[in-house]
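J.: Sequences and hints are given; from them, build the entire structure.
So the sequences go chain by chain: E and H. Position one of the first sequence corresponds to residue 0 (numbering that gives the first Met the number 0), numbered consecutively onward. Position one of the second sequence corresponds to residue 0 (numbering that gives the first Met the number 0), numbered consecutively onward.
Label-pair ranges, simulated between beta-carbon atoms:
no., chain 1, residue 1, chain 2, residue 2, range
1, E, Asp46, H, Pro24, 41 to 51 Å
2, E, Pro70, H, Gly252, 51 to 61 Å
3, E, Lys14, H, Asp58, 46 to 56 Å
4, E, Asp85, H, Glu88, 33 to 43 Å
5, E, Leu23, H, Gly252, 32 to 42 Å
With the C-beta cut set under 8 Å, the calculated list includes, among others, these residues of chain E facing chain H:
no., residue
6, Asn84
7, Asp85
8, Leu86
9, Ile89
10, Met93
11, Glu99
12, Val101
13, Met102
14, Asp108
15, Ile109
16, Ala112
17, Glu116
Source of the hints: derived by calculation from the structure; they are not laboratory data. Predicted model only: the values in this text are computed from it and were never measured. Yeah, the Cβ is synthetic: ideal placement off N, Cα and C, and Gly gets one too.
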Amino acid sequence: MKQCLVVDDSRVIRKVARRILEELAFEIDEAADGQEALNRCKKSMPDAILLDWNMPVMNGIDFLRRLRNEPGGTIPIVVFCTTENDLEHISEAMLAGANEYVMKPFDGDIIQAKFMEVGLL
Amino acid sequence: MTISTVDFDFVAREVKERSGLVLTPDKGYLLDTRLGPLARKDGFASVEEMLRTARVRRDERVLAAIVDALSTNETFFFRDKIPFESVREHIVPKLFAAKGKGARIRAWCAACSTGQEPYSLAMTFEEMRAAGQPIEAEIIATDLSDRVLEKCRAGLYSQFEVQRGLPITHLMKYFSKQGESWRVNDRLRAQIEFRRVNLLEQFNTLGMFDIVFCRNVLIYFDADAKKRTLERIAAQSHPHGFLLMGGAESTLGVTDAFQPTPDRRGLYARNAAWRKAA
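T.: This is the structure we're talking about:
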């Protein structure tokens, strides 16, 4: 079973994402900010990370840059999932090492399509 | 829903005559989901009332809108993926082998709906060019509905639409943001010619093609219309041409004008030996 870390400061979003991803046969772990996510990854790298941008403590883009510099940090496939929906943010995310990008609001079809796009399904 | 048999039969006959779509009673749910919004928009109290008006008054505008709503198919970018892989890995190499490397390719998206299919094909060609392939292509995209053709030409898609099937790298490369929507870049839009064509009517003025996409359309036609349409498509296909159909469709048992390509789901090669019956 593939593992996916869902990183979002909204408990509701985490719950929705968990439900969608569990249906796609992922084992889910959750983190409420970038720092918490980084601590999880240092212990064990997941196969996939669904990543919000705007979060307290450490935001998504800072987390991603730190992650990609960690040993084994290039392993997880990172799919951004954020309300930021302009080309500048998308480009910045892709340059920082994201693999795909979801613009909120999302649904099960979008998550499935994007995860297929990056070979997770 | 309480649509009378008379109204259902009437609308089914009109839809079939105008678009070829066969509306069997098990597709009755389409009447509700597709016609509900239309009835509300046009100020009818119910779908039932709209159908009765169309039948009793033979209101041409209402009829055309009904046919339009029922014959428009849902679609998304790079739908099923495999057809576009087939273009890249199988069709273009075969066409180059037959016509010479870099030879001009003519492609037709029949029943292109809201345009995702021809734009996906145009992006496939662009990616091949970027990889150094000498692609010179002309894409004609047609549909029955003026309403969807308008959307095709505008090339304007919602945030929801651009997230179904379109890789983010393609969104960055081929689209620009306009308000809350995304517009296909001029360069890509200029590569496609959109025209209104009813597959039940003459389309030989479109010329001859190397590639024809006709996916998830004939599935709604009866056996006779399916055979006639496929053979008329064959008549517009070069002897080395290809046809792409939907995953659940086949030419087998319908016509031998096209033959399935082994291990390529939905891909058919023009049978060069086939001749249109006089």
